[in-house]
Amino acid sequence: MIINHPLLGPRDSAEFVYLGDASLMERPDPETASAEDWHAYAYLRDNPAGPHRELWWHEGGDRSWLVVTRNTVTHEITKVEMARDVARKLGSKA
Amino acid sequence: MRYSGFKVIKEALTGHKGWTPAWRDPEPQSHYDIVIIGGGGHGLATAHYLASVYGKHKVAVIEKGWIGGGNVGRNTTIIRSNYLLDGNEPFYEMSLKLWEGLEQDLNYNAMISQRGIMNLIHSDAQRDAFVRRGNAMMLNGADAEYLDLAAIRREYPFLNFDDARFPIKGGLAQRRGGTVRHDAVAWGYARAADSRGVDIIQNCEVTGFRIENGKCLGVETSKGFIGAGKVGCAVAGNSGRLMSKAGMRLPIESHVLQAFVSEGLKPVLPGVITFGAGHFYVSQSDKGGLVFGGDLDGYNSYAQRGNLPVVEDVCEGGMAIMPMIGRARLLRMWGGIMDMSMDGSPIIDRTDIDGLYFNGGWCYGGFKATPASGYAFAHLLANDTPHETATAYRFDRFRTGHMIDEKGQGNQPNLH
Amino acid sequence: MTQKNRLQGGQIDRATSWKFHFDGKQYEGHPGDTLASALLANNVRLMGRSFKYHRPRGPLTAGSEEPNAIVQLRGGARQEPNTRATTAELFNGLMAKSQNRFPSLAFDAMAINDRFSNFLTAGFYYKTFMWPAAFWEKIYEPIIRKAAGLGALSMKEDPDVYDKGFRHCDLLIIGAGPSGLMAALTAGRAGSDVILADEDFRMGGRLNAETFGVDNMTGADWAAQTVAELRTMPNVRLMPRTTVIGAFDHGIYGAVERVSDHIHTPDAGKPRQILWRIYAGKTILAAGSTERPIAFENNDRPGIMLAASLRAYANRWAATPAQRIAVFTNNDDGHRTAADLQAKGVKIAAVVDTRADAPRSDNFEVLQGAQVVDTKGRLGLTFAEVKLADGTMRTLECGALGVSGGWNPNVHLTCHQRGRPAWNEDLAAFGPGADLPPGMSVAGAANGDMSTHGALSSGIKAARAALGLKGKAPKAPEAEDTPVTQTPFWYVEGCSRAWLDQQNDVTVKDVKLSHQEGFRSVEHLKRYTTLGMATDQGKTSNMGGLAIMAELAGKSIPEVGTTIFRPPYTPTAIGTLAGRMRGQEFHPTRLTPSHFWAKERGAVFVEVGNWLRAQWFPLPQETHWRESVDREVSQTRASVGVCDCTTLGKIDVQGVDAATFLNKIYCNGFAKLAVGKVRYGLMLREDGIAMDDGTAARLAEDHFVVTTTTANAGRVYQHMEFVRQCLMPDLDVQLISTTEAWAQYAVAGPNSRALLQKIVDPDTDMSNEGFPFMACANITVCGGLRARLFRISFSGELAYEIAVPARYGDALMRRLMSEGEEFNVVPYGTEALGVMRIEKGHAAGNELNGTTTANNLGMGRMVSKAKDSIGSKLSERPGLNETDALKLVGVRPVNDSDKITAGGHMMNANGEMNAATDQGYVTSAAYSPSLGCMVGLAFVKDGSERMGERMRLTSPVTDLTVDVEVVSAHFVDPEGGRQRA
Amino acid sequence: MSKLFRLISWTQKGDANVHNLTPITALGADTPRIDTVAGVTCTEVSDLALASVAVRLGHEHAAAKSLKSLLNAEAPDVGKALLAQPYSAVWVGPDQWMVGADTASHELLADEVKTALGATASVTEQTDAWCCFDLMGDGIGGVMELLCNVNFRAMQSGDAARTSIHHLGCFVVCGDPHGFVRILGPRASAGSLHHAIVAAMHSAL
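Chains as they are written, first to last, in our numbering: chain A, 1 to 94; chain B, 1 to 416; chain C, 1 to 981; chain D, 1 to 205.
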């Protein structure tokens, strides 16, 4: 597969390390979260057959974490974002 | 129809006119005691044991395509019970025992071939871990055997002993492990279940569950509504897709695992061999093909196909451990979709929805588990209590912290 | 006489003659020949035996779709099983053997199977071999396995090397027939970056096998001229002998280039084959089409071939299987074969055409509305039995029969991403479907453009569309443009032992039985009969099987559908897919800075991940590794030892928020760590399980150096970057690995300070007060070389770790050894390191096995409740905090001579020993020279409360059970006085 | 401040080359290795000092300015390298660069760079984290396509990419698409990297 890195352009997915669902960026608030929130965060997944927002680390490249929107049925990639930017947006939301 | 030596000879001499379909092709009835979703190995085995062991005959297996078209038809056919943890080992050992009696039970030759499985060891730490595992197996009543380097050299002279980047230091063998003609497992269970009145309904896709005030009343399908006292889901690989129709999120990700077969070769491999310093395991089929595989592609996928990097990774492992296969040719590669669970172990449990039961999360250990999975799921569906060998396979183990993590990789499915 | 069946003409170099051997007999051929064409020219038709019935077989085709002419090429370690004679290029001295026969090809004992074919029908195995139960394993299966397979491996290491490479292009064109060449010409002239790949060694495709012309020259000449022009274009790369094996995601194609298969042995340093990963912006599939046979009784005898292949052998290779041939066809193409061979002087017995209105010919007899119903000839065709239109029979004497049932477009690569082909009514065949792999288009015969002119024009069209070329399209060259309409005719009525899959011996009868038994989907049919699962991947057999299944099911062929085409397009050597990554090069090797020195010292090395580390340093008189290790331990504890610990991961953590960051990463506190101090840290995964441990040294307010275990360095770095970028993006923290930048040595033992004082520059106060336990600093050594000094101890002794830039590591080690002589300094390896850390009760990889918690490790209290850290919340789950949880303890044998085995399980002193009574397991064990017996670390249920308890250690798999005592894990200096001294 | 803290900076140590330890090359010899195949040479480079620069949060502007004055040029953009003397630089990540210079005159490069950038960036010595090989001569394109997945045909002088060679994370810096490429790889694996490069030279040339 080829991931279109926002900075570096098209790069082979073999240069990346896959982590999983991008919801892993939405770590529960340690002050307020319930045990159930932590269980859901760590263990439950939507696992969709279709578009999936997921985390890839460019280990063989610039060491950026990326949020890739990829269709799990066709493998088509429709969006690639710098995870740090996404995380900052999440932060500002919270 | 029973298969017998006499029958085979008679048909051979009379032009095979007397053979009848291995299973019927019925239309669905309006209601069953138990409906199994998924005509794969696990679903068909569940139906067989429901009918033959638990006396349930008003049972249907509904399959969206043709039976045996999922992972039971696209795996590397290995059976073994070489597990470490108490939550797993008794279950897989029961499975191995069921395999050993399967042909007589089903009156169908699935070519169970117990030529052994050998896990190669390449470091001291690995040896310590395998010794612990071998001991766990034996303490659970399974067979295990530790082999030193000399013994490995004797039994597998063709391995790379002299120019290895990660030299072989020994191995853990399970002599009762081996391989099975995978398609025949689906067909054999289907034929046996059918002969006991189970309806096997092919090309019937589940479009939804009918759930009223917390109880599952049946399934909506492409062939209309089918009522059921209980609904059991056994669609590993597609569990996420199916259970979302019941509004459930699972501790599971779907991943693609590739497998490979070479051209037919004169026999070279005694049994199953797994490389301990790379991603490669291999056996040889009765037709002569080297059947081998390795690691997941590593990303969520429902596409039954993979990509080159893993193909190369697997072949690199193969050449590293047995460089005599360099001129053998890879004939076909394919991909199967795995229910990768959060701790690498399966789930056989009731759901929060009354009357809806779940069997999945098999990762890439599903094929060897087929008989025990069917048996334990049948037990759960019949008695509403978990089978004694499957008590640990609960949904809530993640909530309570009772994970069954053989590989110690934690909540990252693609590492299991 | 030699080359009895060599005709005139052809694209072979008659000026040169090459000798080759088949089954020990010598023949002659020419450059340009394939093994098959050369054998046919030498009047050899019999080249192989079938898989199940061992029927005599000759080539069916002239290409990579060949099911029958499969031989064992070369010999010795280069023995190459299952090689197609039809694509194997001839070279001088080629050696080939037939396979799957005993004792000889002409007389094969296993041909007895053919007599028992009534028993060996589809699905036969599943119904039998079950009685008595025990017999399957012991009797039946061994017999079946003996018969398994076709060719044999040499069982020797493949002596050839393989390469892998990457190529990028705007346009990849697969196939160099008329459409592919025309597409390449169009794109090349437009200046785009083009790769043209073809599996053949001569580009041109069917143009080389036909007689009709292009632009007033022969097709072959036009192809040669076009290739010559393309060769002059720097933006066009021609890749002959290159098979594109698979279409993978996002325009990545796998291609195998056969660099040296056409010569005797590869030149020095050159690969046998190269696996190319081709990254294509756009792709044109111009793979042509494959002729399909017609099924009739005994249609598998040597000499019975596809009609166009017969033609190809005559036109391209000037070879014919016989001097008198017949043709059996249901379309006009078959007539071309008769005309072309007749033109080369081959006698035409007749053209048998199933069509009542078949075209007549002045030159040879055409039997309209006739069918071949049976054939004769034990090891090769002698007669064909023909049923004429009026029902009367006629026997044709012929040594070869060309069969043409129409053409199937080669759509395989269009389906590699699970796209489905679409039915083309005119061709009565499947063509490319709508859901092609993104970026791919299809041209020429592969797209159903069967005429030469149609193929040429579609090549132009496809290239212009793919590249979005504007302006007036160039005109396609002049060429024949005969329309093709194909009336389907699949098999001769009433045939039974008529072969569909010739290699796997699947007949019409088998397909009928499969249907009768309910195996009616294409997937069931394939799996039950093995149709299409042979090394030819069903290229010539699938359609016939589908057609018959469709008829039986009363459905149309498209309704029945096809099985899925999967990579590779043709079978691919496993060595090619592995490339150079084998032997010592399987993984890269990481060497420590003291490696070359250690090698001089005769160290024994061990693989630790990709690292090579010194395991111990044997002295000449030492005969057993234990002697060396015990000495290294004793000498270190008695005086001073040095160990290269560079392999530990080192991560440079800087930034204003560095401390805050580490506070989140580690479960214990780091905010208040003073500058110049080191602290032990434990990292949890988010699921509360211990991930890794190490130390963090604070070199400045905003600068830490974190160490990880050797094994987890990579994963920990990834984890820290995840937390930095994805969870705490607004912290000012920067990370970079410095593992390899610094040579880091542990200097341990009571004399370590004394030794280091000779190395460290004087302005560093090395006194216990000036540089206490857990101190760290940037210093200089040896007169001004920058260095880092940490006072940390893994061994439990007074110890330091000193680091210098890696390039000086070798010199520093030598200096430590020379300066240490007065202290009798000893270098120690990983074994002694392990012994000392076990004696000291330090956890390592065996204890941090991914399932253990801080609680298990006896560090439960380290998990700070005062703050949130990764994993702290989920570590509170009940399952991770049970009262009888495993606790890390020490074990020692009650009888000092007994062995402690890592991996052994702990059992109570009395009672049964089984899974139910299991009390834990030993993680690490070693002989302790300090205690004079073996000691171990173990996880024992409620272990911390069982000190002094007698238990049993059992290891049935290594046949050992001993009495042991549970003791503190700190066997040596439990109070820790030494490391603080 | 404690005595230890005073010792943190190396810049207070006068001449760093007075020490009496002799370095070895990444391949373990006293002198750099040179291999030649069909006119293409692979030369081990052992006199390259390296320091990484990672900009501190909120100091992007200041850091860029200081870096510019140090390099006498804009810091290279994404995927680019600055090929200059005395300082060269390669973009390695968002707000991160690797600065290079000769060890002879810049043994303490990290300190020089830190002095230039002060609190605006984190600087880490990287000199010995890497080994370096220069490929020179006609036909290096054929060698590169066997080594790594960079489209070397499309590379211009001053282009740089991080890529994988023989499973090793490497930097590839194009000096001249027709005859000069510099490869930086992990120092501890210099032997494996060198073996891969020379094997590819024998295969392609």
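The hints are simulated quantities; they were obtained by calculation from the structure and are not laboratory data. Be aware that one or more of the hints could be misleading.
[Said to hold, decoys possible] Derived EDC-like pairs: lysine to aspartate or glutamate, alpha-carbon spacing no greater than 20 Å straight-line:
1) C:K270 to D:D138
2) C:K941 to B:D286
3) C:K899 to B:E11
4) A:K89 to C:D730
5) C:K512 to B:E11
6) C:K138 to B:D86
7) C:K672 to C:E622
[What the hints assert, rightly or not] A few chain C residues facing chain B, derived, Cβ under 7 Å:
8) N118
9) W131
10) G149
11) G575
12) R582
13) D687
14) T958
15) T961
Beta carbons are placed, not taken as given, at the ideal position from N, Cα and C, and that holds for glycine.
Evaluated hints:
no., hint, verdict
1, C:K270 to D:D138, "holds (18 Å)"
2, C:K941 to B:D286, "violated (47 Å)"
3, C:K899 to B:E11, "violated (64 Å)"
4, A:K89 to C:D730, "holds (11 Å)"
5, C:K512 to B:E11, "holds (14 Å)"
6, C:K138 to B:D86, "violated (33 Å)"
7, C:K672 to C:E622, "violated (49 Å)"
8, N118, "holds (4 Å)"
9, W131, "holds (6 Å)"
10, G149, "holds (3 Å)"
11, G575, "holds (3 Å)"
12, R582, "holds (4 Å)"
13, D687, "holds (5 Å)"
14, T958, "holds (6 Å)"
15, T961, "violated (11 Å)"
In this structure, the hints that do not hold are numbers 2, 3, 6, 7 and 15, in rising order.
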